[in-house]
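In order, the protein sequence lines correspond to chains S and L. So in this note's numbering, spot 119 of the first sequence is number 119, and the numbers just go up one at a time. So in this note's numbering, spot 182 of the second sequence is number 753, and the numbers just go up one at a time.
It is worth saying that the hints were derived from the structure and are not from the lab. Computed from a predicted structure; not experimentally measured. Hints should not be assumed to be uniformly reliable.
[To be verified] Distance condition first, Cα-Cα at most 25 Å in a straight line; then the derived DSS-like pairs of lysine-lysine:
| # | chain 1 | residue 1 | chain 2 | residue 2 |
| --- | --- | --- | --- | --- |
| 1 | S | K254 | S | K152 |
| 2 | S | K562 | S | K251 |
| 3 | L | K769 | S | K487 |
| 4 | S | K413 | L | K769 |
| 5 | S | K345 | S | K476 |
| 6 | L | K732 | S | K413 |
[What the hints assert, rightly or not] Here are some, though not all, of the chain S residues that point toward chain L, as calculated from beta-carbon distances under 7 Å:
| # | residue |
| --- | --- |
| 7 | L54 |
| 8 | I136 |
| 9 | A405 |
For every residue, glycine included, the Cβ atom is placed at its ideal position computed from N, Cα and C.
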Amino acid sequence: MAKTLPKTDVVIVGVGWAGGIIAAELTKSGLNVVGLERGKERKTEDYFMVHDELRYGLRYELMQDLSKDTVTFRSTEKIRALPMRSYGSFLLGEGLGGAGVHWNGQTYRFLPYDFEIRSKTIERYGKNKIPDGMTIQDWGLTYDEMEPYYDKFEKLAGISGEPNPLGGKRSADYPTPPMKKSPALSMFSDAASKLKLHPYMMPSANLSEPYTNPDGISRAACQYCAFCERFGCEYGAKADPVVTVLPVALKTGKFEIRTHSQVRRILHQGGKATGVMYTDVTTGEELVQPADIVVVTSYVFNNVKLMLMSGLGKPYDPASGTGVIGRNYAYQVLKGNAAGFFDDKQFNTYAGAGSLGVSLDDYNGDNFDHTDLKFIHGGSISLSQTGMRPIANNPVPGGTASWGAEFKANSVKYANRFLSVGGQGSCMPFRHHFLDLDPTYKDAYGDPLVRLTFDFEEQDRQLALYLSGKCAEIMKEMGASHIDQLKELGPYEITTYQSTHNTGGVVMGASPDTSAVNTYLQMWDAENVFVVGASAFPHNSGYNPTDTVGALAFRASEGILKYRQKGGSLV
Amino acid sequence: MADQNHKGGSGHDNVEQPSRRKFLVQAGYAVGGVIVGGALGSLIRPSKKTENAPQTGEGTAADIKSYNRAPMFFTQEQLGIVSAATERIFPADDAGPGALALGVPFFIDHQLAGEWGFNSREYMSPPFYAGEKVQGYQGRLKRREMFEIGLRELENYSQTKFTKGFSELAAEQQDEVLKAFESDEVKLTTISASGFFKMLRSSTLEGAYSDPLYGGNADMNGWKMRSYPGNQMSYTDVIDKDFAVIAPSSLQDHLSAH
Ligand SMILES: Cc1cc2nc3c(=O)[nH]c(=O)nc-3n(C[C@H](O)[C@H](O)[C@H](O)COP(=O)(O)OP(=O)(O)OC[C@H]3O[C@@H](n4cnc5c(N)ncnc54)[C@H](O)[C@@H]3O)c2cc1C
Ligand code: SF4
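Chain S on its own, in the form it takes in the complex:
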């Protein structure tokens, strides 16, 4: 029998960005909150030796231990799903701060178009523009309604940037100015401007200058150390939950973090949660944490798994297209890019920061006419200088042998003579892309792995080619001696890193038929359960997700406080 602990007001499952923000907001308002995190404690002192590409970049020191839990994957329902045995396509967070510790910090708002994608597509191009099986839907709230929450997250994190000339309206500027511009960034900006595009500095959670946020948290400026993505920031310059929201929550005396706690079930009775069951992974003991409100912030895959394991919400059935848990999984189309080799110029690309870059949105959302194109939406195009570490970056012009004398000579020659312009393509949901429980493979606690069924569609193939063409035009204007660009997107494969921008599975919306949570991230089927994260996105935009995750976490916090006062469904 599991031991039952004293009841708390709120229990949070997973302490990353979403869990951390909600913990800070609720404890500031006086609620008692317990945060359960399956991984370990973390602090900036842990990063003294973090500039180690092998240990952190390639051996995934900060990520989820796949021997305990992973996902299974198949391209279609016709084949057997098999486990992602080693890392590739995406990297899952684990430990205090979650993936918010080893992210880059590229912090974009989605476009107004994103929130009303279905209505706006039909309005401009007619219903036939949406292909069979593409299950796009409006999000249930508009960009204007989201704007104040974006603003809150950006002030919390201290985002450094300048307004996007093609983005939605802003109520305030970014709290800190843009980062420094490297020569490569300037070349990209100049080339793009010459082509009459609209470049702007990438919004960055790597601080351009020292900053104190509205909670009184002071952080130092980024040192452009080039060990950002996949690494923790030893300076605390990169906004992460450990250096921003968690100290705020802890200071209230109302937040208790329990690490090494793997949550396995949400307990519920009569349509309301009563708490959660978890395993203390250091002892194997099963514990029950009763709570008035359960907040699930354990990232896309685990959010879906917990719902399905706990029998909360109706599981999605791809055959009939009904049910909501597991529906509308989407990803990111990142391969549409152009690689430029410069025979006569060297760049200091050994330096950089996770979100040092210049972007443009001329080919994103509905900022351009899609009438004659075989896809909707688009992607942002950027040149970013995140730091080219030497093991992972050995670019050579197409046609070079992949090993031996020729490879070595070219890889050394071009080590500092290479730039890449990349498209970050949006990804639309399809009826046959979904998450459910694997019938065969189990995690270390005996629970099923999550099963992912996904492949790129014609929409994605067209989009990737389109974006790589645009990237190549800019690269040409930048004067590269040799340009390699994408010829064909190919099938989705789980073996090479693309992005940890997995979305959907517990999506939000205006109707319980097509969404699991309402626009406060409150479950339609259990009013005291809130499921927060990119799992709520009905589709994925041409940007990184975290500004939107942060904004939704603020929105959910507001909802939880309202619910605490009034009870019932918030919409």
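Assemble chain L with the ligands onto chain S, guided by the hints.
Chain L with the ligands alone, transformed into the frame defined by chain S:
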């Protein structure tokens, strides 16, 4: 090649490497009088003596014998094959040292002796089914087992084809053998020949360019060859400038710098 002799373009050659403490204090890391937490805070506070920091300043690198250049996992024969194969993948040339001189064989050996060789942070639970390419590696063998089989098969193939062991073959013959593995022209039953080759190639690059603490990238010569500065505390002063060569520093320098 212009970048061979590590002469900087705009005088960043001798960028001073201040101690971490000094650096942080100078950089004004106490924000508005408040000491920023974490790693920074503990550096700005009166320094705790780093007990384990290696003594520097006395003997030169050449005086110190590198005791970690001995195999933990490979037999001598295996070490010989790995040495020959990785040197073909990443040969010494005008630009600088190859795999052998960089210590790549010892790097690979040491990696296989540890967690990576045992795939200990990967999902290795049954059942095992052959999958589609897009689903990735689905075998039950661990990396150290794959290496043992792969090296034995390199040797077998060399003996069959040239009646000599891999290490004794001429360079072109070694390339031929490696190519036969890379393209799966050699058919193996227990492992995929190309999968093994891929692993050999990627671990060669890891050994050439990872921090020297792992036994490869000897004296940071891999980094020097491509003008990579290794582990620097800050690039604030150079990020908006043109390319310059910065003398590299390693994690050991990082440890002893405060
Ligand atoms: C390498 C990398 C680079 C990235 N770069 C960017 C970027 O530049 N811009 C951007 O917008 N986004 C980026 N992202 C994505 C970003 O990190 C995520 O969007 C964000 O961290 C998600 O926050 P979250 O709180 O929803 O989830 P997470 O940060 O994943 O937190 C979830 C937490 O829940 C815990 N958990 C899971 N299951 C359980 C369980 N059963 N019981 C208890 N705890 C559990 C996990 O251990 C984890 O700590 C990047 C991600 C990676 C991996
Ligand atoms: S690049 Fe900047 S924000 Fe990123 S880890 Fe280094 S100092 Fe921190």
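These are the hints, each one checked on the structure:
At roughly 22 Å between alpha-carbon atoms, S/K254 and S/K152 fall within 25 Å of each other, so this suggested pair holds. Under the criterion of a C-alpha separation no larger than 25 Å, the hint pairing S/K562 with S/K251 is consistent with the structure, at around 23 Å. Between L/K769 and S/K487 the alpha-carbon distance is near 23 Å, which keeps this suggested pair within the 25 Å criterion. Taken as a hint, the S/K413 and L/K769 pair is honoured in the structure, with Cα atoms around 22 Å apart against an allowance of 25 Å.
Under the criterion of a C-alpha separation no larger than 25 Å, the hint pairing S/K345 with S/K476 is consistent with the structure, at around 15 Å. A hinted pair counts as satisfied when its Cα atoms are at most 25 Å apart, and L/K732 with S/K413 does not qualify at roughly 35 Å. Hint status for S/L54 relative to chain L: holds, with the closest Cβ pair at about 4 Å, below 7 Å. For the restraint placing S/I136 at the interface with chain L, the shortest Cβ-Cβ distance is roughly 25 Å, beyond the 7 Å limit, so the hint is violated.
The beta carbon of S/A405 is positioned within 7 Å of a beta carbon in chain L (closest approach about 5 Å), and the interface hint is therefore held.
Checked against the numbered hints above, the structure breaks hints 6, 8 and satisfies the rest.
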